[in-house]
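Take a look at the letters that make up each chain.
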Amino acid sequence: MLLLIAVVQDQDVNRLLTALLEKGYRATKLASTGGFLRQGNTTLLIGVQEEQAEEVNSIIKGICRTRKGLVSPMTAVDQTLNTYIPTPVEVEVGGATVFTLKVESFEKF
Amino acid sequence: MLLLIAVVQDQDVNRLLTALLEKGYRATKLASTGGFLRQGNTTLLIGVQEEQAEEVNSIIKGICRTRKGLVSPMTAVDQTLNTYIPTPVEVEVGGATVFTLKVESFEKF
Amino acid sequence: MLLLIAVVQDQDVNRLLTALLEKGYRATKLASTGGFLRQGNTTLLIGVQEEQAEEVNSIIKGICRTRKGLVSPMTAVDQTLNTYIPTPVEVEVGGATVFTLKVESFEKF
Ligand code: NI
Ligand code: NI
Ligand code: NI
Chain A
1 MLLLIAVVQD
11 QDVNRLLTAL
21 LEKGYRATKL
31 ASTGGFLRQG
41 NTTLLIGVQE
51 EQAEEVNSII
61 KGICRTRKGL
71 VSPMTAVDQT
81 LNTYIPTPVE
91 VEVGGATVFT
101 LKVESFEKF
Chain B
1 MLLLIAVVQD
11 QDVNRLLTAL
21 LEKGYRATKL
31 ASTGGFLRQG
41 NTTLLIGVQE
51 EQAEEVNSII
61 KGICRTRKGL
71 VSPMTAVDQT
81 LNTYIPTPVE
91 VEVGGATVFT
101 LKVESFEKF
Chain C
1 MLLLIAVVQD
11 QDVNRLLTAL
21 LEKGYRATKL
31 ASTGGFLRQG
41 NTTLLIGVQE
51 EQAEEVNSII
61 KGICRTRKGL
71 VSPMTAVDQT
81 LNTYIPTPVE
91 VEVGGATVFT
101 LKVESFEKF
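Protein chains in written order, with this note's numbering: chain A, 1 to 109; chain B, 1 to 109; chain C, 1 to 109.
Since the hints were made in silico from the structure, they are not lab data.
All of these numbers come straight from a predicted model, not from anything done at the bench.
All residues carry an ideal CB built from backbone N, CA and C; glycine is no exception.
There may be inaccurate statements among the hints.
Derived list of chain C stretches under chain A, where covered just means 3 residues or more per stretch with a C-beta under 8 Å from a C-beta of chain A [what the hints assert, rightly or not]:
id, stretch
1, 52–63
2, 92–105
Derived lysine-lysine pairs resembling DSBU-like cross-links, with alpha carbons at most 35 Å apart [stated by the list, open to error]:
id, chain 1, residue 1, chain 2, residue 2
3, A, Lys-108, A, Lys-23
4, B, Lys-68, B, Lys-108
5, C, Lys-23, A, Lys-102
6, C, Lys-29, A, Lys-23
Under 10 Å between C-beta atoms, here's a sample of chain A residues computed to sit facing chain C [unchecked claim]:
id, residue
7, Ile-5
8, Ala-6
9, Val-13
10, Ala-31
11, Thr-33
12, Asn-57
13, Ile-60
14, Cys-64
15, Gly-69
16, Leu-70
17, Phe-99
18, Thr-100
From just these sequences and the hints, can you work out the full model?
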């Protein structure tokens, strides 16, 4: 048995949990924040059999991998412009870090 | 040394921590929620010696194992009845999942 | 690769994260509380290479180790004294517990 500890962005969590559940995988969510730069992440604990690890990693990758996204930079509004229309800016969103640990024993009570 | 990662129901946490402390075991509580169905759980980190793992697992089992409990289904109140008296319903409560991991090294500063 | 799970006091977290970042280490913060006596702690997940573990442990030790600190016991104010001046009391502060786990595999998406 393996324990996957996956740190993912908050914005991807619900889609990831849905995708995992569709394949029969359950996850425990831990509230977490990035140390400095990566605010708003969630840490998931997912217990899987050795032969399931590849599928779970591929589900995580499919949903959470770093990709381009558009955000409207509302915080940068220039107060002198009455007719400010934010131009969406392309940024990197998503990303996931997955640590896989060997489980010595697993109990369910 | 071993690290036990125990996911237990919120309702069982205080009794479990008391029982662990009585035997000299300390735990760190992580705020957690079930992925979908099992809301309101807590994840405990418990560092133990190899020879203590069985006792700790047995304490967790004794307090947290899945069992029958009665709940009053107040959310199902029929608005048309003035004299609604909820009938307690038997449900499964509790349950615990424990991952045991081998610790390469342990430091206390 | 190794995963360090460090439980540290809340008061030391920001200085620790700054010191880790200066050396290029990133950490994920999990909200945590001590079981009973050690309120206000934070659990950090830090992924490192084998050869970095000693340095990271030494950074944690340098910042978080148990030491003497002064606190003003404002909660013990005697209401009958108009001119109460709290005498700072020396207490133990800080402290850290670090579990080092071997990582089977590590993925970044
Ligand atoms: Ni978060
Ligand atoms: Ni909870
Ligand atoms: Ni805290």
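Hints not upheld, ascending by number: Hints 1, 4, 9, 15, 16 are the ones this structure does not satisfy, whereas the remaining hints hold.
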